[in-house]
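Peer 1: The residues making up each chain are set out below.
Protein chains: 2
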Amino acid sequence: MNKLSLIKVGGKVVENPETLAKLLNDFKQIAGYKILVHGGGKLATELSQKMGIETKMVEGRRITDRETLEVVTMVYAGLVNKNIVAQLQALHINAMGLCGADFNLIRSSKRPVKDIDYGFVGDVQEVQGDVLADLINQNIVPVVAPITHDRQGQLLNTNADTVANELAKAMAPHFDVHLYYCFEKPGVLMNPDDDNSLIREIKRKEFEQYKEEGIIQGGMIPKLDNAFNALACGVKEVIITQADRLLSGGGTHIIV
Amino acid sequence: MNKLSLIKVGGKVVENPETLAKLLNDFKQIAGYKILVHGGGKLATELSQKMGIETKMVEGRRITDRETLEVVTMVYAGLVNKNIVAQLQALHINAMGLCGADFNLIRSSKRPVKDIDYGFVGDVQEVQGDVLADLINQNIVPVVAPITHDRQGQLLNTNADTVANELAKAMAPHFDVHLYYCFEKPGVLMNPDDDNSLIREIKRKEFEQYKEEGIIQGGMIPKLDNAFNALACGVKEVIITQADRLLSGGGTHIIV
Numbered sequence: 040m041n042k043l044s045l046i047k048v049g050g051k052v053v054e055n056p057e058t059l060a061k062l063l064n065d066f067k068q069i070a071g072y073k074i075l076v077h078g079g080g081k082l083a084t085e086l087s088q089k090m091g092i093e094t095k096m097v098e099g100r101r102i103t104d105r106e107t108l109e110v111v112t113m114v115y116a117g118l119v120n121k122n123i124v125a126q127l128q129a130l131h132i133n134a135m136g137l138c139g140a141d142f143n144l145i146r147s148s149k150r151p152v153k154d155i156d157y158g159f160v161g162d163v164q165e166v167q168g169d170v171l172a173d174l175i176n177q178n179i180v181p182v183v184a185p186i187t188h189d190r191q192g193q194l195l196n197t198n199a200d201t202v203a204n205e206l207a208k209a210m211a212p213h214f215d216v217h218l219y220y221c222f223e224k225p226g227v228l229m230n231p232d233d234d235n236s237l238i239r240e241i242k243r244k245e246f247e248q249y250k251e252e253g254i255i256q257g258g259m260i261p262k263l264d265n266a267f268n269a270l271a272c273g274v275k276e277v278i279i280t281q282a283d284r285l286l287s288g289g290g291t292h293i294i295v
Numbered sequence: 040m041n042k043l044s045l046i047k048v049g050g051k052v053v054e055n056p057e058t059l060a061k062l063l064n065d066f067k068q069i070a071g072y073k074i075l076v077h078g079g080g081k082l083a084t085e086l087s088q089k090m091g092i093e094t095k096m097v098e099g100r101r102i103t104d105r106e107t108l109e110v111v112t113m114v115y116a117g118l119v120n121k122n123i124v125a126q127l128q129a130l131h132i133n134a135m136g137l138c139g140a141d142f143n144l145i146r147s148s149k150r151p152v153k154d155i156d157y158g159f160v161g162d163v164q165e166v167q168g169d170v171l172a173d174l175i176n177q178n179i180v181p182v183v184a185p186i187t188h189d190r191q192g193q194l195l196n197t198n199a200d201t202v203a204n205e206l207a208k209a210m211a212p213h214f215d216v217h218l219y220y221c222f223e224k225p226g227v228l229m230n231p232d233d234d235n236s237l238i239r240e241i242k243r244k245e246f247e248q249y250k251e252e253g254i255i256q257g258g259m260i261p262k263l264d265n266a267f268n269a270l271a272c273g274v275k276e277v278i279i280t281q282a283d284r285l286l287s288g289g290g291t292h293i294i295v
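Just so you know, the protein sequences line up as chains A and B, in that order.
The first sequence begins at 40 in my numbering and counts up by one.
The second sequence begins at 40 in my numbering and counts up by one.
Any given hint might turn out to be false.
Any copy, or any two copies together, can satisfy a pair, since identical chains are not distinguished.
Straight-line C-alpha distance at most 30 Å; calculated DSBU-like pairs for lysine-lysine [to be verified]:
1. Lys262 - Lys224
2. Lys242 - Lys149
3. Lys81 - Lys51
4. Lys153 - Lys275
5. Lys51 - Lys89
6. Lys250 - Lys51
7. Lys149 - Lys67
8. Lys61 - Lys149
9. Lys250 - Lys89
10. Lys81 - Lys242
11. Lys153 - Lys61
12. Lys149 - Lys89
13. Lys242 - Lys42
14. Lys61 - Lys89
15. Lys95 - Lys81
16. Lys224 - Lys51
FYI, nobody ran anything at the bench for these hints, they're computed from the structure.
If we strip away everything but chain A, and leave its shape as in the complex, we get (with noise of 0.2 Å):
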């Protein structure tokens, strides 16, 4: 099977247009098919200040309501999208922009309320990953925008992190993927505090221990369960690494 490429970036690098620069600079370095997943982060706070929206956080969580919805929908599946499109193209890779409506590439759920109620944001049921990869094997590059839909005709907000990983399990029938989180830190690093503590590769064993010593917490835990889940499901290894580091060869490597 032929070598798939999935880079998620965040908001951060995104709403930068140096760093964004850099990384679809270095994204076009990368040989053979590729798919870019991207947020928009601040991007979309700040549309919400000009128009007066209120941003509300519930445990460093945004709510989506109707017109936050709206918000996130310009600017991720708008703005940012179509932008980094034409930015590729400039490149002269085959850049195409797509949502999870489009055809109807992510149905999600909104998420049932129980304690907090999120709005309009889709947990993914289903990914139709046949005409993703006819696209990829016709050699032009998605660019998805985290915005999924409910087949109802409702869009909904989801979080990029679990587009990028529904979408590589997607893939993995199809395709060798290997799936790059791009994160503010080197990777899963022995002491979050020294960025010289990078752990280079971890299997499911050592995990389970590193969990168990305290050594990796918090936030990391659901991406490195996302990160084992997407293994079992077929993807071929996950690497944590820095955005301006893709092609080093370097962060933290999950393999099975």
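Given the coordinates of chain A, assemble chain B onto it according to the supplied hints.
Peer 2: Coordinates of chain B only, in the frame set by chain A:
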């Protein structure tokens, strides 16, 4: 060759949820392959107002400064495009949203400054029809927002009628193309004040005669010039009709 219906719908239909829902339902009924090209109309002006951006018009035409380009990219290629796609998906039409930057579908060049500086407005230079035709042959229904790019990384605002016309011409080698312009009036009228004075069919000779007699004038002349240009490039027929009469077989049919 298979039939392809290309429907261009303007901002007035799109900005009202009820007229949009009716249009999409009618669109579903059209048999065979199809493309939808949409504007965004007042929705862009409304967002500009909310953001405190002044809308600059010269001789009835919007000037696209950098901020306005961001607004139309967000509204046309994001909000409007992805909502139409989600609603078509709910109707079980396999829609895919696109702008001209996606797989380099429509390359344009920034309009040169003569008397008026229109800003970031693109005049269409080249359409890549092959990938679009492949998608259509896979039963995908493209939904196209009138944002193009210069292949140097710059997005450009482009007239939606022109986008429809250029796409129709580019599809003519692949399909029997029928191009529908949805319009506020029932079609081309003998008397602009009398909706019952519809001209059902126009050939070029009649058009020249109507122009000479002053029956057809103003903004209708470039519309019909474009229509005859499309016919000269292989489009089978151009229909100017009201959005809510799309299925009636009415309107003005412009034929060779």
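Peer 1: Which of the listed hints are broken here?
Peer 2: 2, 4, 9, 10 and 11
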